[in-house]
Amino acid sequence: MMSKTVLVVDDESHILHVVSLKLGNAGYEVLTAGDGEEGYELACQSLPDLIITDLQMPYMTGVEMCARLKRNKATASIPALLLTARGYALGADDLQRTSIRHVLSKPFSPRELLDMIAEILGESAGDGKAREAA
Amino acid sequence: MKIGRKFSLMAAVAAGVCSAGAAALVPALGLSGATLIIGVAALTMAVVAAVVFPIGYRHDHQTDLLINELTTMAESRRTELIETGSELQDLRTAIQQAMDSLSARAEEAESNLREVEIRHQVSEAERQHIEAILHSLHDAVLVTDAFNELKMANDRAGELLGFRPAEAMHKSIDDIIVDDALRRLIQDERDLATPGHRKHADHAIPSSIPSDDPESQGMCYDVTLTCLPDSRRGVGGVVTILRDVTREREISQMKTDFVSKVSHELRTPLSSINAYIELLLDGEAADEESRQEFYQIIKSEADRLNRLIDNMLNISRIEAGIVKIERTEVDFISASKKAIEVIQPQANLKEISVHLKSSPLACTAMADADMVHQVLLNLLSNAVKYTPEGGRVTVAVENDDATGSVMVTVADTGLGIPPDSLDKVFDKFYRIENYKRVAKGTGLGLSLVKHIVETVHNGHISVTSELGMGSKFRFNIPYDADGA
Chain G
1 MMSKTVLVVD DESHILHVVS LKLGNAGYEV LTAGDGEEGY ELACQSLPDL
51 IITDLQMPYM TGVEMCARLK RNKATASIPA LLLTARGYAL GADDLQRTSI
101 RHVLSKPFSP RELLDMIAEI LGESAGDGKA REAA
Chain Z
135 MKIGRKFSLM AAVAAGVCSA GAAALVPALG LSGATLIIGV AALTMAVVAA
185 VVFPIGYRHD HQTDLLINEL TTMAESRRTE LIETGSELQD LRTAIQQAMD
235 SLSARAEEAE SNLREVEIRH QVSEAERQHI EAILHSLHDA VLVTDAFNEL
285 KMANDRAGEL LGFRPAEAMH KSIDDIIVDD ALRRLIQDER DLATPGHRKH
335 ADHAIPSSIP SDDPESQGMC YDVTLTCLPD SRRGVGGVVT ILRDVTRERE
385 ISQMKTDFVS KVSHELRTPL SSINAYIELL LDGEAADEES RQEFYQIIKS
435 EADRLNRLID NMLNISRIEA GIVKIERTEV DFISASKKAI EVIQPQANLK
485 EISVHLKSSP LACTAMADAD MVHQVLLNLL SNAVKYTPEG GRVTVAVEND
535 DATGSVMVTV ADTGLGIPPD SLDKVFDKFY RIENYKRVAK GTGLGLSLVK
585 HIVETVHNGH ISVTSELGMG SKFRFNIPYD ADGA
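Those protein sequences? They're chains G and Z, same order as listed.
Each residue of the first sequence is one higher than the last, beginning at 1 in my numbering.
Each residue of the second sequence is one higher than the last, beginning at 135 in my numbering.
Since the hints were derived computationally from the structure, they do not count as laboratory data.
Here a beta-carbon is modelled for each residue, glycine too, at the ideal position from N, C-alpha and C.
There could be a bad hint or two in this list.
The calculated label-pair distances, taken between Cβ atoms and stated as ranges, are [said to hold, decoys possible]:
| no. | chain 1 | residue 1 | chain 2 | residue 2 | range |
| --- | --- | --- | --- | --- | --- |
| 1 | Z | S434 | G | R97 | 31 to 41 Å |
| 2 | G | R97 | Z | E382 | 33 to 43 Å |
| 3 | G | R97 | Z | F392 | 27 to 37 Å |
| 4 | G | A92 | Z | T390 | 18 to 28 Å |
| 5 | G | N72 | Z | R451 | 48 to 58 Å |
| 6 | G | R97 | Z | V393 | 21 to 31 Å |
Taking lysine to aspartate or glutamate pairs in the DMTMM-like style, the calculated list, with each CA pair at most 25 Å apart, reads [what the hints assert, rightly or not]:
| no. | chain 1 | residue 1 | chain 2 | residue 2 |
| --- | --- | --- | --- | --- |
| 7 | Z | K395 | G | D11 |
| 8 | G | K70 | G | E119 |
| 9 | Z | K570 | G | E64 |
| 10 | Z | K570 | Z | E600 |
| 11 | Z | K574 | Z | D554 |
| 12 | Z | K285 | Z | D322 |
| 13 | Z | K574 | G | E64 |
| 14 | G | K4 | Z | E412 |
| 15 | Z | K472 | Z | D534 |
| 16 | Z | K519 | G | E38 |
| 17 | Z | K433 | G | D11 |
| 18 | Z | K570 | G | E41 |
| 19 | Z | K574 | G | E37 |
| 20 | Z | K519 | G | E37 |
| 21 | G | K4 | Z | E418 |
| 22 | Z | K395 | Z | D554 |
| 23 | Z | K558 | G | D11 |
| 24 | Z | K395 | G | D94 |
| 25 | Z | K285 | Z | D364 |
| 26 | Z | K305 | Z | D273 |
| 27 | Z | K433 | Z | E418 |
| 28 | G | K73 | G | E41 |
| 29 | Z | K491 | Z | E475 |
Please take these sequences and the hints and turn them into a complete structure.
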């Protein structure tokens, strides 16, 4: 069985690194992008199972990137998880124009992030690792 | 008080006294009808005299005249009026008493009148005083009655709402206030509230000064509406006070933005620290090399937090005016050499050459040496950060005798600053969005530089830049401490 692919988009290299490490160890295939524009292009090319994105980034915010992805038929259904240091609450409009399912505030726990990813992808935490081992 | 009014009042008082005096005379003297007629005539004359003649006129003299007149009248009409000298004396005494009583009452009336006059003057002065106070207020005040007509408005209300208070008196607010929302507020308060009720509302009034800023919301006012009671405890009118709270709202918004930015900037490195520690605790570092890498990242992010807090505190201290400034004679050429030495390793990594162009003359000014070092270091650090490999950074130090200051220019051949960001680069936490990936920063370095140059040293800093060609930061520090 193919492992699921998660695209992580953040302009903070340490966050990209630490999230990639955590998800990689859990058996996910991880792609990374350093800004909204790069994230959009990579999402269109690779059609990941889930996108984890920062809110405030160069060129395009995480919400704008997700809104663009939803307008694109090929990427419209990819669920997203927003990571933010802004204490940002999604408005009804943001929810409607994007596929963002959850918002996680920075600083965050990589363990909680992993649980949330599993919940969104409809699997229990650790399934990815189990899959990899199998 | 006008003279006519004074005399009419006196006449009224005198007429009342006259009737009372006549009634009293009849039983007291037991006079015949004819005598009474003459007596009343005399008394009336006395009253007329009291009214017509000034109060100060001596009534003894008037009495004498009256008696003489009576006597003449009796003789000419051959009326048997006065049989004996004692009756005449009695009449004289009675008239005298009536005159005394009249005189006393007239004096009392005049005294009362004087008091009323004084009270009127005092209340008029008080009214003018209160009006002067209302007109001096920066808040706009307008009072409307139960019919929504303007009863009073100060100058500020006129300026703000576009009417002339003197001309607008007693006119309906429908005819003088163009602002629909404000009119509705006043009318609702009159129609729906009870006497003494007070209500606050926020109200925006477009600024009279045209603004190029599309986000400009005009002026923001706090409107207080208070219902005035009438004599039957109904709503007699409404007092409306408009207080300009635009600046307060701006400051409040700035504070909210600042807290939000600080929170964002603090959470970002904290987030990395937290995540790496959790990975270490969960044993997710594959080997010792990974663990060492994690430790290094945690350390560098902790340093970043520390720098951020230091910068914020320094800016806050300068803004609050509580920073300790130690002014000495600072040699800016030496200070620049020292700062270049500190930044040189960073420049070497990118093969950026750093040059110093200095005046052959000494360039000194009374300044805080540590703060000047901080300014030079921040400007040089930015120049190196945003200049591509192989670029060039130049520091020029010279005396600017025209302004009586030392002028330092830090120029680079870097990315340059987009024109729409030029006036924002000194703002707290401002970072050019597209350059965030080029270099890390707190967004506070240039803000601190501006504060040190301008707030602490009374100097000036400016920036010019061309995209793709580089930037040039120039600051002046006055030769002496007073900036003269």
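Status of each hint after checking the structure:
1. Z:S434 <-> G:R97: 31 to 41 Å: holds, 37 Å
2. G:R97 <-> Z:E382: 33 to 43 Å: holds, 35 Å
3. G:R97 <-> Z:F392: 27 to 37 Å: For Z:F392 against G:R97, whose Cβ atoms are near 29 Å apart, the range 27 to 37 Å holds.
4. G:A92 <-> Z:T390: 18 to 28 Å: Check passed, 22 Å falls within 18 to 28 Å.
5. G:N72 <-> Z:R451: 48 to 58 Å: holds, 50 Å
6. G:R97 <-> Z:V393: 21 to 31 Å: For Z:V393 against G:R97, whose Cβ atoms are near 28 Å apart, the range 21 to 31 Å holds.
7. Z:K395 <-> G:D11: holds, 17 Å
8. G:K70 <-> G:E119: OK: G:K70 and G:E119 at ~21 Å, within 25 Å.
9. Z:K570 <-> G:E64: This hinted pair holds, its Cα atoms lying about 18 Å apart.
10. Z:K570 <-> Z:E600: Cα-Cα ~19 Å, so holds.
11. Z:K574 <-> Z:D554: holds, 21 Å
12. Z:K285 <-> Z:D322: holds, 18 Å
13. Z:K574 <-> G:E64: Holds, at about 23 Å.
14. G:K4 <-> Z:E412: It holds: about 23 Å lies between the C-alpha atoms, which stays within 25 Å.
15. Z:K472 <-> Z:D534: holds, 22 Å
16. Z:K519 <-> G:E38: Distance of about 23 Å is within 25 Å: holds.
17. Z:K433 <-> G:D11: Distance ~20 Å between Z:K433 and G:D11 Cα, so the pair holds.
18. Z:K570 <-> G:E41: holds, 20 Å
19. Z:K574 <-> G:E37: holds, 20 Å
20. Z:K519 <-> G:E37: holds, 23 Å
21. G:K4 <-> Z:E418: holds, 20 Å
22. Z:K395 <-> Z:D554: holds, 20 Å
23. Z:K558 <-> G:D11: Distance of about 22 Å is within 25 Å: holds.
24. Z:K395 <-> G:D94: holds, 21 Å
25. Z:K285 <-> Z:D364: holds, 14 Å
26. Z:K305 <-> Z:D273: holds, 21 Å
27. Z:K433 <-> Z:E418: holds, 18 Å
28. G:K73 <-> G:E41: holds, 14 Å
29. Z:K491 <-> Z:E475: Since the Cα atoms of Z:K491 and Z:E475 sit roughly 15 Å apart, the hinted pair holds (cutoff 25 Å).
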